[in-house]
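A.B. asks: These protein sequences, in sequence, are chains A and B.
333 is the number that the numbering used here gives the last residue of the first sequence; the numbers go up by one with no jumps.
1503 is the number that the numbering used here gives the last residue of the second sequence; the numbers go up by one with no jumps.
Hints listed in this document are in silico derivations from the structure and should not be mistaken for laboratory results.
Bear in mind the structure is a predicted one, so any value in this text is a computation, not a measurement.
All C-beta atoms, glycine included, are put in the ideal place defined by N, C-alpha and C.
Here are some chain B residues the structure puts well away from chain A; computed CB gaps all over 10 Å: (1) PHE1011; (2) ALA1030; (3) ASP1070; (4) PRO1071; (5) LYS1075; (6) ILE1099; (7) GLU1146; (8) THR1223; (9) SER1227; (10) PHE1267; (11) TYR1294; (12) VAL1315; (13) GLY1335; (14) ASP1392; (15) GLN1454.
Label-pair ranges, simulated between beta-carbon atoms: (16) B/LEU1017 with A/THR150: 40 to 50 Å; (17) A/SER86 with B/ASN1389: 51 to 61 Å; (18) B/SER1005 with A/PHE15: 17 to 27 Å; (19) A/THR150 with B/HIS1262: 50 to 60 Å; (20) B/LEU1120 with A/ILE10: 40 to 50 Å.
What the simulated footprint calls covered on chain A by chain B, stretch by stretch (three residues with Cβ under 8 Å from a Cβ of chain B suffice, anywhere in the stretch; the number is not a length): (21) 5 to 13; (22) 21 to 31; (23) 168 to 176.
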Amino acid sequence: MNNNSINVIIASIIFSIIIALVAYFLLIHFVVEVDLQKNQRELAILDFYEQPHDGDFFIIGSSLVYEGIDAYLIEDYLQKQGINRSVYNLGMSADKPLSRLPELEKLISSKPEVVVIGLNYDDLTNSTNIYDDRLALVSQRISRDEEYQTLLNDTQIKLLKQSPSENLFYNRKFILTSIYHFLRDILFKRENLNRGETFATNFKDPWNLKTNWTESEKIEVGKKYNKNATPVFSDLNPQKKALLYTLNKLQQNNIEVIIVNMPIDPYYSNNINESTRQNFFDFLNTTGVPWFDYEREYPSDFFADTEHMNVAGRTNFSPKVAELLTSFFKKGM
Amino acid sequence: MQFNSVEFFIFLITVLLLINCLRKSQYQQAILLVTSYLFYYTTSNFFVILLLFITYISYQSGEFINSASDPARKKVILAIALISLLIPLGFFKYYNFGIEIFNQIKTYLIFYPNLPNLDLILPIGISFFTFSAISYVVDIYRGKIEPEKKFYKYAVFISYFPHLLAGPIVRAGQFLPQLKKSVSIGPENLKNGITLMMWGFIKKFVIADNCAPFVNAIFSHPTDFNSVYIIFATILFGIQIYCDFSGYIDIALGIAELIGFHLPKNFFRPYLSKNPTEFWRRWNITLSSFIRDYIYISLGGNRKGTIRTYFNLEVSMLLCGLWHGAAWNFIIWGGYHGVLLLFHKFITKRLKFVPKLIPSLKENFRLIIKILVTQYFIFLGWIMFRVGNLSDMMYCISKYVFIDLNFSKPKPGIWGLTAIIETISNLGIYIGIFTIVAFIVFITLVLLNDYWMQKITYILTHDWIQNIASLPLKYWSAYLTIMIFILLCCTPGASPEFIYYQF
Chain A
1 MNNNSINVII ASIIFSIIIA LVAYFLLIHF VVEVDLQKNQ RELAILDFYE
51 QPHDGDFFII GSSLVYEGID AYLIEDYLQK QGINRSVYNL GMSADKPLSR
101 LPELEKLISS KPEVVVIGLN YDDLTNSTNI YDDRLALVSQ RISRDEEYQT
151 LLNDTQIKLL KQSPSENLFY NRKFILTSIY HFLRDILFKR ENLNRGETFA
201 TNFKDPWNLK TNWTESEKIE VGKKYNKNAT PVFSDLNPQK KALLYTLNKL
251 QQNNIEVIIV NMPIDPYYSN NINESTRQNF FDFLNTTGVP WFDYEREYPS
301 DFFADTEHMN VAGRTNFSPK VAELLTSFFK KGM
Chain B
1001 MQFNSVEFFI FLITVLLLIN CLRKSQYQQA ILLVTSYLFY YTTSNFFVIL
1051 LLFITYISYQ SGEFINSASD PARKKVILAI ALISLLIPLG FFKYYNFGIE
1101 IFNQIKTYLI FYPNLPNLDL ILPIGISFFT FSAISYVVDI YRGKIEPEKK
1151 FYKYAVFISY FPHLLAGPIV RAGQFLPQLK KSVSIGPENL KNGITLMMWG
1201 FIKKFVIADN CAPFVNAIFS HPTDFNSVYI IFATILFGIQ IYCDFSGYID
1251 IALGIAELIG FHLPKNFFRP YLSKNPTEFW RRWNITLSSF IRDYIYISLG
1301 GNRKGTIRTY FNLEVSMLLC GLWHGAAWNF IIWGGYHGVL LLFHKFITKR
1351 LKFVPKLIPS LKENFRLIIK ILVTQYFIFL GWIMFRVGNL SDMMYCISKY
1401 VFIDLNFSKP KPGIWGLTAI IETISNLGIY IGIFTIVAFI VFITLVLLND
1451 YWMQKITYIL THDWIQNIAS LPLKYWSAYL TIMIFILLCC TPGASPEFIY
1501 YQF
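Construct the entire structure; sequences and hints are all you get.
C.D. replies: Structure representation (structure tokens):
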């Protein structure tokens, strides 16, 4: 009798594990993954790449790009010049050359005509950090090209090479946000959502910052960009290699590239080490790609904080980018 | 081998199958011995030799003490045994700390070269199995137990894998009698063990590990934050350390229960303590009773006058702090708790005959005030435990004691951290309001109605784990399903190691 009771208990344990796993799978598959598709910019951009965009102009980069560029203003300017092209702001938070590598193939497959890469000194330092979630999110949607993976470390490769079951387990960290979005979407219609809530799929004017820092706050933070911080050295580090790889791949696929050194607040800019600046520009000169420096173009009033532009900033800067695109387009590229 | 790893589950199932197949107690104990050493080897590699050394020394010492007829000779053997057992612990745990102190002192002395630090790895569990061994030797010396005749049984007691790495500190008198007969794995101990293990997993991997990022974010740069954040982090750390440690203990007790052994409980609702003395009867019970029985009483306890009692208490608590780690903050924490205990002893004695301040005040309300005041001081102690840097510690203590409600932004530029804190503070404001309202309703109910107080006391003190383990199978399965589901959903990515592994 004892053995039968033990067997029944063991059977109950196995049954409980199975039911829990099934419930977990259903939650992840029908709530979390659906939400990630709608609300995670990394996945929304991959969806975007899967649509054809022949002849369009893409602007990629970090939050400096998505805060600093209004694609509608660029399109307006181009249209006035007789250039009817769609422009898309595909900036992503904390984007760097290394983090864009896994998505490069998909970007190329959507066949844009021009890609503008917005860069900053931070993008070419020796840091190789990539936000874990970004790698895990795209891991199921990208091809595992071995070539660029030599630039990533073991942890990053492991995240990219997650199996479907590992990814299923990884996505548990999005459960709470997904449930929140699920309830929010039931209670409110999607068109009533605010700018922040539709950020993921906004490829035109995805800016988010609303309040400007005071001067004293900027001075305080500007100090952290001391002469020895965020250095760019002369050696060819993984970020630089990643950028070269990206440029090479884009050009091989007949996609024109322009590099823009994004504007930054003078409180940041004044604290950049001269050798950093020199190494940065020396490297850009070796790429063979046209680049333009807007670092010190604007006063502090045009910035919400020490790095990101505000309304005045993007309203002024976006037409500058449009001018660049116009001149290249008219030269026949 | 972590408790939540696939390897451990395979290991545990193997042990259970072998125990179940081999009915004879000697074979079962042989299996337990081999598997426990294997478990320790996978965790600590060649430190398994140290485990064997501690086991052998303490076993032989027990034999020699028992066979010695002369009390002076017994004392000498005991002293040698204690020194031999404490040398490895002292070396691995306190050598670098001692060198640091020596190097600081020597700057005031005539020329002495700096002694070098060594790159030492602390063997996991050394504090726990050393103390178990010490308790065996001392209990034989005091005549409380007879030495174990079979060395392999004693070795099972010391190396028993559920409690080997982080306690509880088991006494020989509690464990060795259980080895007299064979164990069988029955439905009752299966259900009891798994119920307890699941609850332990939830406490550690859901509650404690989810508190950790917020606690680490604030205490890594505490001077960036005001009182609200510091107090928030302190409360969260109190929850984290309780759930981490008691979660481990529940898992250990549950595993032992599966195999058919009963280990002593180590926690009993410590955050419901009404005074510091009661706290130490409810927190890390096996450690505090070890400190009481083998240090405090050995120093004289309360038998040599008031001043000496206070001295013995303070020294015992300083050593308790030191046991937790070779760092000043642990010593300060231990000393602080010693002061709390002294103060409680003092006022209990002095106020025995003083009439109650507000005689008409309900006993329920008094009880709640006592609990809240006690926990205020206990949580203040957690700041000392958690914050290693002394100036950061003083900052946090000042923010805890003297409330600073300056809500200006944390230093801008720490984007990830600011996002975390803003999320916490946004959520915290609602949780805070809800908590205050709920607390007022609760106090009112308590003031008005003894019935509710009894209900609440019952809910807070009842052994729900036992109740759940006794449920009919279908409801117990539902419990298991829900717990596993919660674990799947809520375990964070990289789970930090159990906090008490480092001790």
